[in-house]
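Chains as they are written, first to last, in my numbering: chain A, 1 to 336; chain B, 337 to 625.
Since the hints were made in silico from the structure, they are not lab data.
Hints are not guaranteed to be accurate.
[Said to hold, decoys possible] In silico PhoX-like cross-links for lysine-lysine, where the CA-CA straight-line distance does not exceed 25 Å:
(1) K227/A x K440/B
(2) K553/B x K524/B
(3) K553/B x K565/B
(4) K462/B x K507/B
(5) K227/A x K415/B
(6) K458/B x K440/B
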Amino acid sequence: MNLLRVIFLRLATTFLTLFGVAVIVFFVIRVVPGNPIAMMLPPGATEADVARLQAQYGFDKSIPEQFFIWLGGVLQGDFGTSISTRQPVSELVLGRLPATLELSVVALLMACLIGGTLALTGTRMRGTRTEGAIDVSTGVALSVPDFLWGLVLILLFGVLWPVFHISGRISPSLDIDFTTNFYMFEALLRLRFDVLADLVGHMFMPALALAIPLAAIIGQLLKQSLKETMHLDYVALARTKGYSERHVITREALPNAILPTLTLVGVQFTFLIGGTVIIERLFSYEGLGNMAIDAVINRDLPLIQGIVLLFALLFTVVNLVVDMLYVVLNPRLRHA
Amino acid sequence: MSAQLSVRDLSITLQNGVRILRNVSLEVGAGRVHGLVGESGAGKSMIGKAILGTLPHAMNVTGGQICFGDVDLMAMAPKARRTWIGANAALIPQDPLTALNPSKRIGPQITRRLVDILGWAKTNAKARALDLLAEVQITDPARVMRSYPHELSGGMRQRILIASAFAAEPKLIIADEPTTALDVTVQKQILKLIAQMQAEHGTALLFVTHDLGVVSKVCDTMSVLYAGKVLENAQMRRFFTHPIHPYSRALLAATPTYSNPTGSLAQVPQKVIDGVEQDIRHHDIRNHI
Ligand SMILES: Nc1ncnc2c1ncn2[C@@H]1O[C@H](COP(=O)(O)OP(=O)(O)OP(=O)(O)O)[C@@H](O)[C@H]1O
Ligand SMILES: [Mg+2]
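Using the sequences and the hints given, assemble the complete structure.
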């Protein structure tokens, strides 16, 4: 079946992609200046100390040799040891992944909700001032990058009208014994709504900052394709059957108009995940992105490699899901 | 003969002031077929859209009446009018390739509105759809109900749209050039099918076309439209034997007939067109005073 074919092809390319990413990251971060060992040693360390540590982390070998040693480990699930924290990279990275996933998914949902509402309202109100206002606001939202929205939100909801937390992921007093790092998901399952409210209070601003540009893109594109779809004959025919304008837009036009938007959302979602790096830093949110910046500052090569690989994996998974959704939603592909 | 549909002095104007229809009047008798002929751009489709309430946003009805039996459609609130049209009128569209929703199966596209708008039970709606598909000579209706539009040919899709139009036994069906998008051999079959269904169900039919040959075969009465104006309303036979308007005469002369199959495919003479244009201008001026 077509769906299986898509999955198989995508899996094959995923491995190639990840290998390519691994090669590039590995060599690039070794070419840029900066010595990780120098940063670990106290002032006044001897040449012998340096050599001993270099040997311990394998930096005394040639770069291609280092690569194959590292790759061998990765294939067995060993991503090496962080230089700055001396913990296994896989443990560190997987520990932070849930925080970033929750943030990205909440941001994506917000973007779809806001963007979808704007597109549907704009279509319903086409030709009126409301449509004009929607066009202007999505235009503005698009021309400002996510981290600036972050600063605007901090000013609004952190300083002028302080209703949301401006930093962190959870208030220390509420930090119940989580068994997983998916705090939000777990709070929901355990029906701890007090904890959930606190988590939402922390996540609201960073998620919204990430969501605004994507919401604007969704709003613009979906409205455009809805507008084109509304002129089609089957939409006019549905009107003569006695259906309301709302039904015609959401049931007849939307299922077809949504397809081009879906592809774009997939691409844009990977940008959104990339955006978490700066946004997490801005809001001191303990996710993968925040850890990435620390890793770069500390020249923690194994950790950087692990984080970049994980991001690459995330991007390919997102693309796979989008491709599958596209096949599921489009009957012409399903039977082709 | 009581009128199922009567349009009186209907005028439609674009927002920029351009007049699309000028005081159009016509009647479709109950159970009768009324032909609406005119060249491309004359406004034939807009008459249908005005009746069904699907005019483009930029167009406004600036005068006139549309009565459906004794019901004055223009006097109805939009929502009531919409559901009323849904229950009593239907459209057979021009292009069957674009008139079915590509992401839905055929079955629901016929049955859903019977359930949603007319409140039928689901099983009844489905049985009705199967019957109708058989009636429009589709083999294996059950399989077709489960198909998506792209899996079916243009002729099949037009048959489905015809079945769907008759599903709720409407009093009036508007067929807007229902065969133009099909190839010639299929055109004949579809035309025959529409005539046959109309006769069996006793539905009034407003048949839009620019083909006088087709009109002569299926219609009881007809109107000639030119630049948004009705030049002549006529009984079928009378029109072909004694056309009144000079434009009608020129139109007949330009149409190939059985007795003269190659036809004098001459254009309508410019002199006649000029005369009509002047008439219309005169009429406009009179209306403005
Ligand atoms: N959406 C629209 N906005 C503005 N003008 C329109 C629109 N649709 C149609 N028109 C104009 O309205 C007039 C009548 O168009 P209509 O579609 O009724 O013609 P028609 O007689 O059905 O022609 P055809 O045989 O080509 O279908 C034309 O002059 C056309 O340019
Ligand atoms: Mg037309």
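Hints and how they fare:
For a cut-off of 25 Å, the pair hint linking K227/A to K440/B stands: about 20 Å separates their Cα positions. Proximity of K553/B to K524/B is assessed by CA-CA distance (about 11 Å); at most 25 Å being required, the pair is judged to hold. Among the hinted pairs, K553/B with K565/B is consistent with the structure: their alpha-carbon atoms are about 24 Å apart, no more than 25 Å. Taken as a hint, the K462/B and K507/B pair is honoured in the structure, with Cα atoms around 21 Å apart against an allowance of 25 Å.
The straight-line distance between the Cα atoms of K227/A and K415/B is roughly 22 Å, inside the 25 Å bound, and the hint therefore holds. Between K458/B and K440/B, the direct Cα distance comes to roughly 17 Å. Compliance with the 25 Å bound is thereby established for this hinted pair.
Hint check: no violations occur; every hint is consistent with the structure.
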